[in-house]
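Participant: Let the hints inform the model, and build the full structure from the sequences given.
Chains as they are written, first to last, in this note's numbering: chain A, 109 to 181; chain B, 499 to 1028.
It should be emphasised that the hints constitute simulated quantities derived from the structure, not laboratory data. There could be a bad hint or two in this list.
Stated by the list, open to error - With a cut-off of at most 20 Å between alpha-carbon atoms, the simulated EDC-like pairs for lysine to aspartate or glutamate come out as follows:
#1 B:1019 - B:991
#2 B:765 - A:156
#3 B:695 - A:156
#4 B:694 - A:156
Keep in mind it's a predicted model, so treat the numbers as computed, not measured.
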Amino acid sequence: MKIQDILFLIILAVLVWKKSSKLATAAGLISLFASIPLFFLWVFFSAERLTWYAAGFFVLAIIFAILKLRTEK
Amino acid sequence: MKYAFFLIGIILFIIFLPWLDFSKTLSAGDWPYLYPQNIKAFSFPLSPPFLWVETYYDLTAKLGLQVFHLPWEVIERLFWFFPFLALSVYSSWVFAKRFLKNNPFASLCILIFTTNTYILMMTGGGQMGVAIAYALAPLVFSSLFNMLEVAYQKNLKKLGLLALLLGVQLMFDPRIFLITIFSFFIVFFIYSFMQKKSVFVPLKFGAIVFLGALLLNLFWIFPNLFFFQSEYAIVNSAITVTFYSFANFSNAIGLLQPNWPENLFGKVYFMRPEFLFLPVLAFSSLFFLSKLKKGQMIIPFAMLGLVGIFLSKGTNPPFGELYLVFSKLPGSTLFRDPTKFYILIILSYMLLIPLSLEMILQKVSKSRPIFSILYSLFLLFWLFTIRQAAWHQLTGTFMPQAVPTQYKILNNFLEKKPQATLWIPSYQRFGINTKQNPAYEGSQILDATNSAQLLSIFKTPKAQKTLVENNVAYIIVPFDSRHEIYLNDNKYDPTSKFDIIAKLKTFSWLEEVTEVDPSKKIIIFAVKKE
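Facilitator: In structure tokens form, the structure reads like this:
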């Protein structure tokens, strides 16, 4: 496990605790934005991982949104 | 809106302009070139095993040639390339109207669907059966969604039309058909789960429509039933699935086809970071879930995109092992090329991107100039990502070519009598290959898998005897007008051609024929009978 993965898991844990779809979306978008300059600079390993994390955060955002919608109905 | 359509029309015109040169054929990659003799030889019913799309292929070729007296250059466009384009535009617009009512950016659906790197590489590589099935996907998807409405279910005529539509897509490509159905189910189940709606009634009607589509395709399913095992179960191994997993996660999330732009099989490029602005834009829509009435469609489509991203990367990380498990399922060999799942990402982004843009517009200002700026900015960005297509730097069908004169002369020469040819290292698409003049490759008559092996067999006495027995009168070293035969590390390198010629000259039972092609682009050797 790399240092990036540990950071990702910590952020993920915070987001799960917060249960905020918007925060998870923001984390996903920040990961994607951060990967763009890394790909540009050919730092492929970290850049690629950031795209994985982005998808992970988006999945979390979707789960929170579905749960919220189901409880509102 | 008219202004937007005009701009998209111009972009489509620029990108697909090479297809309008009727003096040249689009034959490239998997797309063949057919001479009238080839078309006349087609007979019905087809003898199995044959591909799902072969009936349409043979019928339209015959119709074009024998009824309308058209050359192949027109037939291929009339029945394949132009229908693909027309269907893509129509189908994506139906999808836009269904899911993006009153969205000022809805017309972008057409652009995203018709000019993304995935479909440009697909059509560039000449996989037109897959391309037409792809073109139908948004129409099938929207129609299946319409089926959820009760009024639709009571209308037998509409259900029949839906079965017909599904049947047509199934005939063009069963894999794309299954992926479209799969996409629909992802969206449908998440949508129903969110709405706390029953899935039973729509599923019942869905099954009826699905059965209808299958029945319409019995004309190719039934004759091929006993051939499926031998024809399609050849490559169901982990090695094959791993080999075909060209896209990595970043390619998939960026909607970047891994072989873009050269479209060389197996040649994968570094990630182009500009493509990552697409998922940024698409998944920004998750911010606006509560703001839009149609916000509830964002969740299922965002999930559809994420599932598509995960499947499109195949066995590549993260969790590539799951795709290996999937590859063990019966029938999964049809999906050995995971990039087919890009369709899920495309369907997702073509809804999410216009929704995000609409929300940004509402946040900034609803004024017309701001809309025009946003719309133009996206068009410019999109054009930048596919700039190689806009500048006509793509190869394959986007670089049409007239049949070289050398091949016309060769074919006229060969057609004079029934005689076969052996092509080294391989057959070239413009050579004649008919019942009267079959064109063989080394593997067909001498069990040689490559030219080096073939040339070593030539040293044995059986070579000349086998060739004469198979009525092979000439050995041909082709002119590689498409730069697809003499390749070294994916680049055209004719050195191997010169090596083959030099070796062939050493065999006493071969005699070079120079009068057919004085330009010496095609090298011909006559096989001595004794």
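Participant: Does each hint hold? Answer for all of them.
Facilitator: To see whether the hints hold, each was checked on the structure:
| no. | hint | result |
| --- | --- | --- |
| 1 | B:1019 - B:991 | holds, 14 Å |
| 2 | B:765 - A:156 | holds, 19 Å |
| 3 | B:695 - A:156 | violated, 38 Å |
| 4 | B:694 - A:156 | violated, 37 Å |
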